[in-house]
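Trainee: Chains as they are written, first to last, in my numbering: chain A, 277 to 541; chain B, 275 to 753.
In short, the hints are calculated from the structure, not lab data.
Treat the numbers as computed from the prediction; the structure is a model and nothing was measured.
Ideal Cβ placement from N, Cα and C applies to all residues, glycine included.
One should not assume that every hint holds.
For each label pair, taking beta carbons as the anchor points, the in silico distance ranges come out as [said to hold, decoys possible]:
| id | chain 1 | residue 1 | chain 2 | residue 2 | range |
| --- | --- | --- | --- | --- | --- |
| 1 | B | 415 | A | 345 | 23 to 31 angstroms |
| 2 | A | 416 | B | 736 | 26 to 34 angstroms |
| 3 | A | 374 | B | 423 | 21 to 29 angstroms |
| 4 | B | 736 | A | 350 | 49 to 57 angstroms |
| 5 | B | 418 | A | 429 | 51 to 59 angstroms |
Negatives, chain B to chain A, calculated, CB over 10 angstroms [said to hold, decoys possible]:
| id | residue |
| --- | --- |
| 6 | 306 |
| 7 | 451 |
| 8 | 593 |
| 9 | 622 |
| 10 | 684 |
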Amino acid sequence: MRAKSITNDAPTANFVFKGTIKKLKATTMTAATVTDRTCIVTVDQIIEAPQNLAAYTGQDITVELRSPRKVSVGDRMIFHAISWLFGESLAVRSLYEEIEANITTRTVDAVAQRKQRETNKHFKDADVVISGKVVEVRLPTSGPGQKKAGAVKGTTHVSEHDPKWREAVIEVAEVHKGSPSKRQVVIRFPASKDVAWRRAPKFEAGQEGYFMLHESTKGAGGRATKQGSEASATYTVQDPQDYQPYTEAGGIKSIIESEPGSQRG
Amino acid sequence: MPKKTSRTRKATASKKASRAAGQVFLVNMIPKSLSGETHQDSEPTIAVNPKNPLQIAASAFTPDPSHGPRAPIYISTDGGKTWTLNSIVPSTVADGSATADITVAFGSSSDILYAGIIRFPFSGDQTRINILRTNDFQSSTTMKVLVDRQGAGVDQPYVQAITRGGKDFVYVGDNDFNATSGNTATIDQTLDGGAAKPSFKKIRIESRPTSGQDGPPVRPAIHADGTVYAIFHSWKSFDGQTGEGMADIVVVRDDHGGSGPKPFTDLIDPIDNKPGMRVVRGAKFNFNGEKGQQRLGGDVALCVDPSNSDIIYVAYNDDQPNGVYALHLLRSTDRGRTWSPELRRLDDALNPALAINSAGKIGFLYQRLMGAGAALQWVTRFESSTNGTAWTAITLSQASANRPPKDFDPYLGDYEHLQAVGKDFYGVFSANNTPKKANFPSGVVYQRNVNWDTNTLLDVDNVTPVGISIDPFFFKVTG
């Protein structure tokens, strides 16, 4: 079985690790074609990875180097890679390599590091970041929850993928970014447990935590979702990063605690 | 030792042949490299390449494990013995690209794999359909987008394909909310799926007034002689508060591959002279129903005999008194005009999948909720029959319906799939993955790390325990 390595996007490395070249022009799985760029690498230390790749320390995997280069068995490098194939083994494509001797890395929690980096970006992109408490959850009072956008005359729209929009009214305790002028912010969220909405946070009265709100949201819910004036603004929350309970360490809490310029409401 | 005579050799060969028929091969599709995964991989489908049955593609609600920009399909090149994830489906989610709804199908002799998906992201609640194609399902090139449309939303694309005269005829059943007057059951079809830019046509197959729409499942079935059938759930009443409704189970037919001026109008119901035979009228359903953590809402399935396009089987679900969710099986031998009495009824069974092999044997896959309380189980069975009355049942999986807890809907899937190639049946279902021999009476092979003595899943290090979840399982039953 052959597998070509063609990239169609401008990818970002999602698996960064230190490894030792174990065998050249070889692979650990039949699905990956052996070329002069493929080699077997032992993963020595994972620097950044999603959860599914976090347990690969000590494992031999297939790495396709960015380009043919002079490497030898025993060479230690840092690979910035993206995934390629998941079969009897793992195959990744290296976007670029660094000679390990030139880099000093400390022991890190690879999954937490990656997650924090993503949270940092989400915070940076957010228009409003608040901490507060959900005081009420209700059916939408206006907007898409009341009337289906783009509905066709004479046709209803009952689907297993219906979001079942609800509104959560948040009593603002503190403002960490942006300047909502009211003490309450309304956020719209999909209460549906369907696969299309499984990632979206669900809310109920009494929940407390941090909320990262975006004026224009694209994702499973798509279009710009801020409605009305900022005083009565409704934000749509669909990304799991949009909410973090107070009890959860790291994430938004770490950012706020390290941001001296965070506004206080 | 007595010398083998010709008669003895023939008897031995015959015995071998009969031993070979009915053999079951069952594989947990999660690859070894994902031994640590605990995702709810529900709603599977499968496509076997009829030209080369060693090549099989499959799908489930499995997200890209490395959080890349494309969703994966499962691929096998050894007839299903081993599986690899190949992320080539253009559907992007930040923390694990996946789709909402996906089905796959090969052209029968083109080697081309087609997919029908609900693609992420989509705006509001208007689901976005994509019809995709790849000429090489082993390649890591992103699948080519043939159709990308949304409007008011399009739901549950179900793709089938066949090669005739060197061209791929591709039919995608879907529920299209862009249709006016509630006639939403639709077939998106092309008569040349392999062309550089295939032209797709939307064909509304609902000819009667509805309660505002049809139900999500629209399932085409194709015969090599150009006959195409489709079955759908025609809603006659629906209560948005309770989720209760009533539907007709309708079968339509086209005798010319959908190429005529009025596609899918060749089967007329003599009662009202409209296209589409109402095989069952007034089937009750509840769109908000649930059993064993699996949501309900009205399942339908249809298959056609590859040797005789007059013969079709349909399966459908309805709500019965006392809360029973019944699965029914019927047959027609005259192209859908008349129907047999009920051949099978199974209470609290769902996710029917049907196929007929080249010898005319019908295969019937379903999942049934059995037992009660702590002993409640989902039992996945494959049954077969040469006449529709005497059935041979194989239990593929029987595991707790209470564990693991549901992560999202659907728990097992709104469908599963069965396909016949030659005399063999190939299928896929999702189930509780607890590695316990008693859960798999017909045997099973796991690629992911397990300890069968402690009934424990293990991570890639083959040491760290991993929690149970829902996995897709592939099976083959020799005909």
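Trainee: Which numbered hints does this structure break?
Mentor: Those not satisfied are hints 2, 3, 4, 5, 6, 7, 10.
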